[in-house]
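Trainee: Given next are the chains, with one letter for each unit.
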Amino acid sequence: MKAWLKSSAHIRRILAAVFGICITALFVFWPFSPAPLHIRLHFDEITGDRCELYYTTDTADEYSGDRCIVSQIAEGKSVDFYLDASLAEHIRGLRIDWPHQEQLLCVKSVAISSAGVVQKEFNPCTFFSDIAFQNNIAAQSMVQIRNRAYIRTNAEDPYMILGETTVSQIQKYFSRYRLTRLAICLFFFGCFFFGRRKLFAVSEEDI
Amino acid sequence: MNKDAKLTHRGHAVVILLGVIWAYIIYAVVMSELPQIMSDYNGHLYVYLPLFSRETLLEGWKAVPYVMWHCVVLFLNRLLHIPLETSAAYSSCIFALFSYFLICWMLHKVFQRLGEEESLAKAGFFAFGLSITQGIYCYWLDTNINRIQGLFSPNPLYNPTQMCVNGFSLLCLCLVYDIWGKQKNDSYHGVFFKMEGGLKKYYIYLAVALFCSVVAKPTFAEMFIPAVGVLMLWNWISAIRKKNGTASLYFKHCLHMFFCAIPALAYMFLQFFSYFILQGSYGSEEANVIITDCMQVWRMFSENIILSIGLGMAFPLFVVLLNPTYFLKKDLGRLALTGYIIGLLEAAFLGESEPKLAHADFIWPMMSGMLLMWVVSLMRLIVLERTQADSGKKKFLIDGAWFLFFVHVLCGYSYIRWLTG
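Here the protein sequences line up with chains Y and P, keeping their order.
When we follow my numbering, the leftmost residue of the first sequence carries the number 1, and every step to the right adds one.
When we follow my numbering, the leftmost residue of the second sequence carries the number 1, and every step to the right adds one.
Just so you know, not all the hints are guaranteed correct.
Unchecked claim - Some chain P residues close to chain Y (C-beta under 8 Å, calculated; not the full set): (1) His44; (2) Asp142; (3) Ala207; (4) Glu303; (5) Leu317; (6) Lys330; (7) Leu332.
Unchecked claim - Here are some of the chain P residues that sit facing chain Y, going by a computed Cβ distance under 10 Å: (8) Leu141; (9) Gly150; (10) Tyr177; (11) His253; (12) His256; (13) Asn304; (14) Ile305; (15) Leu307; (16) Asn323; (17) Lys329; (18) Gly333; (19) Val383; (20) Leu397.
It should be emphasised that the hints constitute simulated quantities derived from the structure, not laboratory data.
Just so you know, these numbers come straight off a predicted model, no measurement behind them.
C-beta: ideal position from N, C-alpha, C; glycine also.
Work the whole structure out from these sequences, hints included.
Mentor: What follows is the structure in C-alpha cells.
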C-alpha cells in the first residue's frame with residue numbers, strides 16, 4: 001500500500017510536469033497576432049527629404065498610393081518603414097522609391113526588426129543584388145569588401161522592386177513573440193523550481 | 001584614534017564624497033536638459049513655474065498641483081536670489097541627495113542587523129549604484145527603442161518631480177515595514193526605526209511622509225496606498241479565517257493605517273479635482289482619466305513590453321527568481337512585489353484621454369513600484385550573500401545577481417553620459 005501510495009505520488013508529479021509542459025508549449029506556439037515589422041535602411045550618403053516603400057498584397061497586386069509607406073530621412077541618415085502586423089503573410093512585392101534627385105546613394109545596412117528585436121541584418125550587397133525591376137537607376141555597384149551598396153539615381157522617379165526571394169525572406173520576420181512567451185514561462189518555472197527546492201531559505205529573523 | 005573610529009570616519013567620508021559626485025551629476029543633467037524645448041525640466045521651469053506668481057498662483061497650482069519641487073526652486077530663486085536655472089539644478093540635487101542618503105541609511109541598517117557595524121562605505125557605494133542604475137540598454141536589440149521611454153527605470157533623471165518623490169517613497173517603505181513588525185509583535189525592535197513606546201508617533205511620521213510624497217508627486221501614493229491596503233486586507237481575511245481572535249485587533253491596525261493615508265488621500269483628491277474637473281491639467285481642456293486597452297500607452301514607446309520589463313528589471317527579477325518565497329512570504333518582499341504589480345496594472349490599464357494619452361502619466365506609479373523592488377532586492381541580495389552563500393552553486397547565483405546589478409549601474413553611467421551629451 002505504502003509503495004503504491006509512493007508511486008502514485010510519483011506518477012501525479014510526472015503528470016503535473018507533463019501537463020505543465022503541454023500548457024507551456026500551447027502558450028508558446030499558439031498563433032497569437034504578430035508584431036509589426038520595421039524595415040530600416042541606414043545610409044552613409046543620401047540627400048533628399050524622404051523615401052517611400054510601396055507594397056503589393058495577395059489581394060491587391062498593383063503598386064499604388066494607398067499601399068505606400070513614407071519615411072522621412074532622419075538626421076542620422078536612415079529611413080524606417082513601418083509595416084503593420086495585418087500585412088504579415090500577405091505581402092507579395094516591395095518597391096523602394098528613392099528621393100527624386102540625381103545622387104549617389106550609399107547604403108550601409110538593412111535591418112529588419114520586429115517585436116523590439118532586430119530579426120535580421122542584411123548585408124546591403126546581398127539585399128540589393130536581388131532586384132526584380134528597377135527604374136531610373138543609372139548605376140549600382142556592390143562593394144563587397146566594405147559591405148556597401150552604391151546606387152546612382154536619376155532625378156525622375158527612381159525606384160527598385162525587390163526580388164521574390166528577398167520579399168519572402170522579409171515575410172518570415174514578422175515576430176509572433178514566441179521567444180518572449182518562452183522567456184515568461186521559463187521565468188515562472190524557474191521561480192517555481194527555486195521556490196520548491198528552497199535553495200535560499202526564508203527565516204523568521206530575516207528582514 | 002582606534003581602528004573602529006577610523007573606519008567610521010572613512011565610511012562617512014566615502015558616503016559624503018559619493019554624495020557630492022551624485023549631486024554634481026544631477027547638476028550636470030539638469031543643466032543639459034534645461035535648454036531642450038521638449039524636456040520635462042524645460043516645461044516645469046519655463047512654462048509652469050512662471051504661473052506661480054501672486055496674480056496667477058491658483059492657476060499655477062491647478063496646472064501643477066504637485067508643487068514641492070517648484071516651491072523649493074521658488075524659495076532658492078526668489079528668497080536666496082540664486083539664478084533660476086541654478087535654483088532648478090540645486091533643487092533637484094537636494095531631492096536626489098535626500099534619496100541617496102536615505103538608501104545609504106537603509107543599507108547601513110541592514111548591514112548593522114547582519115552584524116557589520118562599520119559598513120557605511122559599502123552602503124554608500126551600493127546606494128550610489130542604486131541611484132544611477134538604469135535599464136539595460138542594447139543599441140543593437142532594436143535601434144528604434146527610445147532609450148528613455150521604452151525602458152522605464154526607478155531613476156527617471158529626466159523628470160524633476162518623479163525624482164523628487166523617491167526619498168519620501170523610501171521613507172514610507174521603511175515606516176510601513178517597521179509599523180507592521182510592531183503590530184505583529186509588541187516586543188519588536190525595528191530594523192529602520194527604534195520602535196520604542198507606542199505606534200502613535202510612527203503613524204504620524206507615516207502620515208507626514210505620505211503627505212509629503214503626494215505634494216511632491218501623487219504617483220507613489222497611487223501605487224503604495226492600494227498595495228498596503230491589499231496586503232492588509234489579505235492579512236485581515238486570513239486572520240478571520242484562522243478564527244483565533246486576532247481579526248478584530250488587526251482590523252484596528254487596518255483602520256489606523258487608513259487614518260495615516262487620509263491626509264495624502266485628501267490632497268490627492270484635491271489634485272485630481274483640480275487636474276481633471278477644473279481642467280487644470282496643463283491647461284488641456286478635455287483631459288480625463290480613462291481605462292485603456294491592455295498596455296495601450298506603453299505600446300506607444302515599446303514594441304515588446306515584456307522585453308522592456310526584462311531589460312528594465314533584470315536585477316530585481318533575477319533576485320525574485322532566486323528567492324521567490326521571500327517575495328511571497330516576508331513583509332518587505334510582499335510589499336515591494338505587490339506595489340510593483342499594482343503599478344504595472346495601473347500602467348497597463350490607466351491613461352489620460354487624448355491629447356494627453358502619450359504623456360503616459362500612469363506609468364509613473366509603476367516606476368515608484370520599480371524603486372521598491374530595486375531597493376528590496378538589493379537588501380535581500382546583501383542578506384543572502386552574508387547568510388546563505390555556503391556552497392559554490394549559491395555563490396555562483398549570487399555573483400550572477402551582482403553582475404546584473406553592476407551591468408545596470410554601467411548602463412546608468414552610459415545613460416548619464418548620453419543625457420549630458
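Trainee: Taking the hints in turn, state whether each one holds.
Mentor: The hints, checked one at a time:
1. His44: violated (27 Å)
2. Asp142: The hint holds - P:Asp142 has a Cβ within 8 Å of chain Y, the shortest such distance being about 5 Å.
3. Ala207: violated (24 Å)
4. Glu303: holds (4 Å)
5. Leu317: holds (7 Å)
6. Lys330: Holds: closest Cβ of chain Y sits about 6 Å from P:Lys330, inside 8 Å.
7. Leu332: Status holds, d = 6 Å.
8. Leu141: holds (6 Å)
9. Gly150: Check passed: Cβ of P:Gly150 comes within 8 Å of chain Y, closer than 10 Å.
10. Tyr177: Interface hint status for P:Tyr177: holds (8 Å vs cutoff 10 Å).
11. His253: violated (20 Å)
12. His256: violated (23 Å)
13. Asn304: holds (3 Å)
14. Ile305: holds (8 Å)
15. Leu307: holds (5 Å)
16. Asn323: Given a least distance of 4 Å, the restraint on P:Asn323 holds.
17. Lys329: OK, holds: P:Lys329 within 10 Å of chain Y, min 6 Å.
18. Gly333: holds (8 Å)
19. Val383: Because about 6 Å separates P:Val383 from the closest Cβ in chain Y, which is inside the 10 Å limit, the hint holds.
20. Leu397: Holds, because the Cβ-Cβ distance from P:Leu397 to chain Y comes to roughly 8 Å (cut-off 10 Å).
Of the numbered hints listed earlier, those contradicted by the structure are 1, 3, 11 and 12.
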